[in-house]
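K.L.:
Below, each chain spelled out in residue letters.
There are 2 protein chains.
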Amino acid sequence: MKKLIIASTSTIHGSGYLEYLLPTLAVFFADVKDLLFIPYARPGGISYIEYTKSAQKAFAKIQIDVKGIHEFKNAREAIQNAEAIFIGGGNTFELVNQLYKNDVISILQMVLERGTPYLGTSAGSNICGVTMKNTNDMPVVYPPSFTTLGMIPFNINAHYLDPLKDSKHMGETRETRIKEFHVFNETTVLGLREGSWLEVLGDTISLKGTETARLFQKNEIAKELELGVLTIK
Amino acid sequence: MKKLIIASTSTIHGSGYLEYLLPTLAVFFADVKDLLFIPYARPGGISYIEYTKSAQKAFAKIQIDVKGIHEFKNAREAIQNAEAIFIGGGNTFELVNQLYKNDVISILQMVLERGTPYLGTSAGSNICGVTMKNTNDMPVVYPPSFTTLGMIPFNINAHYLDPLKDSKHMGETRETRIKEFHVFNETTVLGLREGSWLEVLGDTISLKGTETARLFQKNEIAKELELGVLTIK
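Protein chains in written order, with our numbering: chain B, 1 to 233; chain L, 1 to 233.
Derived by calculation from the structure, the hints in this document are not laboratory data.
Quick caveat, the model's predicted, so the values are computed rather than measured.
Mixed in with the good hints, there may be bad ones.
For identical chains, the list gives no copy identity; a pair is met inside one copy or between any two copies.
Derived pair list, reagent style DSS-like, types lysine-lysine, alpha-carbon separation capped at 25 Å [stated by the list, open to error]:
1) 67 / 218
2) 223 / 57
3) 218 / 73
4) 223 / 208
5) 3 / 57
6) 208 / 168
7) 168 / 57
8) 33 / 67
9) 208 / 101
Take these sequences, add in the hints, and give me the full structure.
P.N.:
See below:
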């Protein structure tokens, strides 16, 4: 049975890395001693080693040891044998690129379906959707495909941001961009605001945290979803 | 000899479509009677017909007739025969996708090198760079490549936005995204603020309009470029 936390962000304003999620993670990963971290998204281009240190420091607070996937000879085996998996944020294009290059898409799908508990934040959440086509990231590398894990039947827009009032900037708002997406695609999109996350237990998907989420469906007016179990057609 | 205007945006706050550029365009396109518009980027997903109407309305004010490329049987021929070309903004992924699908990349490069005057705004400016890897757009479609026209020896970040002071949002700033780009790429990036544009005459590139531009080079501190002729190594 799938067991996932899909968070908009790793960090909320004025708080340490993963800090706001730690009480939830302590329960979610209650039986976990060792966690596999996949640092492929490299936020700001930091190295796998540096990025893994951040994850180690955060998870040490709830007595979980973290190893980076780059420390294993065989990435597929590391995923297959992992007690739990965390994919952190950064650049979604590079993350997806590396997931394909390391040929770990299918094994990730297999172990997550089977019930290996998973935490995704930001880019690590985007890839739980059907495609990465709702990322906010810059396309700094060209991945072999935009198709992602499909662990949920819709796409995620992480760090969802409401239009800024009184802005004089003419760049598109997030809502406009998602509307453009629906000119070319059918997939439903959930805008997850910072401070909220999805908890996926089998087929039950719940919105948790502090913020409502914004649901975008093709040819329908966007609507707000309250915290609790979601029923997304 | 190349003759291009590469503008950050079509529209500045509180002003009509292309309005702030019209005095410049009246001079730049002084000998032009008919202009070819390429509406592939479809801002907000509007149709080619609707988008072309906007361009027609704006150019009518400087006595230039506009035809959309979709009105021609053969897109390559339309480009080859065009007196002048304008590619407007919208979604850069879809624009590049259609440029490849319609097989017009090489003919565009040829006529622009030969001197057909060109106006690009936003997505239409991004594609003048070496790649589209510094677009801000959402990857709503998967183009066959991120390589673009290479009319200038660097990339454009259109609608360049300085970090918002006092923001509590944890998404990456534009500067952080461009720094991430330089972890994986060598190409220089110019952040063009709304209200400014590049004028390219042969090998001479000048920054015009109202705003300085921000230059990002790999392993160097970003710097501001003043209006006037640019010397970018």
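K.L.:
All hints are to be evaluated individually against the structure, with a verdict given for each.
P.N.:
Status of the hints after comparison with the structure:
1. 67 / 218: This pair counts as neither: shortest intra-copy Cα distance 41 Å, inter-copy 31 Å.
2. 223 / 57: Cα proximity of residue 223 and residue 57: none, with 38 Å in one copy and 35 Å across.
3. 218 / 73: This pair counts as neither: shortest intra-copy Cα distance 44 Å, inter-copy 32 Å.
4. 223 / 208: This pair counts as within: shortest intra-copy Cα distance 17 Å, inter-copy 42 Å.
5. 3 / 57: within (23 Å within a copy, 55 Å between copies)
6. 208 / 168: Between copies, since 20 Å is at most 25 Å while 33 Å is not.
7. 168 / 57: between (41 Å within a copy, 24 Å between copies)
8. 33 / 67: within (11 Å within a copy, 65 Å between copies)
9. 208 / 101: neither (33 Å within a copy, 43 Å between copies)
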